[in-house]
Structure formats: C-alpha cells, structure tokens
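K.L.:
Sequence:
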Amino acid sequence: MLLHSLRALSATPTSRAIALVFIANGFVLANWFTRIPATKEALGLGDGALGLALMGMPLGSALILPFSGRLVGRFGAGTLAAITGLATATAAALPAFAVDIWSLAFAMFLLGFANGAMDVSMNAKGAAIERALGFNIMSALHGMYGVGVLLGSTAGSLFAGLAIPVAVHLPLTSALAIAALLAIRAALADRPAEASGPGEKMFAFPHGPLWPLACIAVAAFLAEGAAADWSAVYVRTVLDAPPGIAALALAGFSLGLTLTRFIADSLGERFGELTLLRGGSALAGIGMTAGLLQSGTAIAILGFVALGAGLAAVVPIAFRRASNTPGIPPGTGVAAVATVGYTGFLAGPPLIGLLAEAIGLRAALFIIPILAIGIATLGVASIRRS
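Mapping to my numbering: the sequence shown position 112 is 97, numbers consecutive.
Derived by calculation from the structure, the hints in this document are not laboratory data. Since the structure is predicted, the reported quantities are computational estimates derived from the model, not experimental observations. C-beta: ideal position from N, C-alpha, C; glycine also. Mixed in with the good hints, there may be bad ones.
[As the list claims (entries may be wrong)] Computed Cβ-Cβ distance ranges for the label pairs, DEER-style: (1) 225 / 311: 50 to 58 Å; (2) 33 / -4: 43 to 51 Å; (3) 40 / -5: 36 to 44 Å; (4) 82 / 278: 43 to 51 Å; (5) 117 / 284: 38 to 46 Å; (6) 40 / 152: 17 to 25 Å.
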C-alpha cells in the first residue's frame, strides 16, 4: 500500500509538484521550530515574551484563512500554492533577523499569513488532482508534509549541533526550498477554467454540510496539537521517564501519523472512508486510553503511536470532502473547514494546560479519547449525509 501511494503521487508532473509543495512546507517550518530555543536565547526572551512573539503566527493565519477561498478562486489553487509557497519559504527565514520581541512577532505574523494561504491552496490543489486522477492521494500528500518535517527537523538538529548561526541556517534552508519551488512552478500552473472567479465567497465560514466536516477537523487538530505539545511532558513529568525517553512520545506520535497517511488512501478505497474513520477513531481512543490508564512508559508511548495512526486520515478526509461538496466551490470549502479546524490546533495545548492545572495532566489528556468518539460520530454523520 505504501508503494501504491508513492506511485499515485508520481502519476503526473502536477501530482509530483504538489507533493514537493507539501514537503517544502513541512521542511521550512520544521527548520524554524528547531531554532526557536536559540532565537529565544539570542534575544534574551523569557517564556512569556517568547509565547507572546510566537502568537504572531496564528494571528497571521487567522487573518488570511477566511479569505483564502476567494484567492484560490481568483488565481487558481496551483498558482496560489506556488506563490504562497515561495512567500512562506521566504518568511521562514525572517525570524533569523529579529532583533527584539516586536520584530520577531512581526516575522511570525508574516510567516503565519503566508503559511495560512499556502495551506488552503495546496490542499485545494491536491483535491483537484484527486478528481482528475480518479483516485485518492490526499492522505499521502499529508504524509509528504510529515516527510518534510522529518527532513527539516533533522537538518535543524544538525545545524544547531554544529553551532551554525540561525542567521546562516534559516536563509540557507529557505533558499533551498525556494529553488525547489521555482523548479516546479510551471507544473502547478492552473488552466483558466480551474480558477472559479466570482463563484468563491469573499469570506469562507462553514455552513450546511460543511459543519460536520469542520467539527471533525477541529477535534482532530485539537488532539494533534495536544499530543504535539504535551506528549513528552506527560511521559517526563507524570511517568518520571528520562528526557531522552520522554522525547520518544512525540517521535512515536509523529511516526504513527506520517506512516499511516501513506497507506490511508489505499485503506479508504478498499474499505470506505466510513470504515476508515470508525476504525481510526477506535484505534486512537482505545490506544490513548490504554496508555493513560497504565503507568508504564512503553505502553504510554505506544498509546501515542496509536493516537497518531488513528488520527492520520481524519483531516485529509475532511479537506477532501470539503473540496468536493456539491454547490460549494472547492477553495471555499477547504478554506471554511480550515478556518474552523485550525482553531482546534491553537486551542488544544492551552486547553490541556488549563485542565491540567485543575485536575492533573493525566486526567486532562483524557479529553483526547473523548474527541476520538466525537470524530467517529460526526464523521459517520457527515459521510452518510453526503
């Protein structure tokens, strides 16, 4: 099934190009994420000040996401993916030149603004390629994003380990991504008919059949955000594991998420998306519950692996169905679901933190199995409705 997904992604020059866009997105973001500690130290920022500066990224995304559907309709998803990909790669280098909290916050705002539009346009283009090919590639595309994150985090770790300055590292990796995106921009160009023009709404917000899709996207993103920020913390502080072992919780979650995305398209075609959502939600919920109920570190890490594997297909299915909802232009559908969905990713970590203060981290993380039940229920409703 993995080979099937890779063959599907390489079916046409356009499918290969959009796969590279997903890789580039994960690559430039991961390189920046690995150098946040060095930037914090260089600017002399405390935890609170750093958190304030980093809020610029979600604010930038929140500003552009509702309007991204209109931009897709105006320029075409592929053309916009190329433009915003170049903008995102460029913006990912800007934090290296920050001199204080405000310049860092502004750099993060620009990065979030560009990345928000890139996210919608590359998913809309992926859905359009699926329709043209006649088989699913959306989950595999999200898997390619995971490959980009792996490459970027590895590169970032090497640059950091070699004590290469951030002002050298980030421009260099951004330039590499820009060169790759320039090489494939022609393959991404849309035909005139693919730009839907005035059919796209100026402001995209879920309505009608998009609401169940938006809700499962919120639940999935919230669970992903919670796992990304709190998995290692849970294993380290609650289970008292060494730092190196605790880091395996996040690595396991990411591995389960990425690898499963490469086989999720084949599983969906073989068993149906309804079965895939049910099975994935059950795996995520049961695996996470088992990991939280036990005190063993290995079981907890395996629980996060199961969570990643179970959630892998949820967001790709939501975006695919949003892009193919009758009567709603593709860009508008993806933008509407993404606008609401990404609030879950932003809200997840602080929500878990607040709950942990009140009831403890182990109990707070039980919100994730509850979300898995919600995904199964709403996912079944949305698929049956369509």
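K.L.:
Would you mind marking each hint as holding or not holding in the structure?
P.N.:
Against the structure, the hints come out as follows:
Between residue 225 and residue 311 the beta carbon distance is about 53 Å. The supplied range of 50 to 58 Å therefore holds. Range check, residue 33 to residue -4: Cβ separation about 49 Å, and the 43 to 51 Å hint holds. In this structure the hint that residue 40 and residue -5 lie 36 to 44 Å apart at CB holds, the actual value being about 39 Å. Distance hint for residue 82 and residue 278: a CB-CB separation of about 48 Å, consistent with the stated range 43 to 51 Å.
As the Cβ distance of residue 117 to residue 284 is approximately 44 Å, the hint placing it in 38 to 46 Å holds. A hinted range of 17 to 25 Å holds for the C-beta pair residue 40 and residue 152, which are about 23 Å apart.
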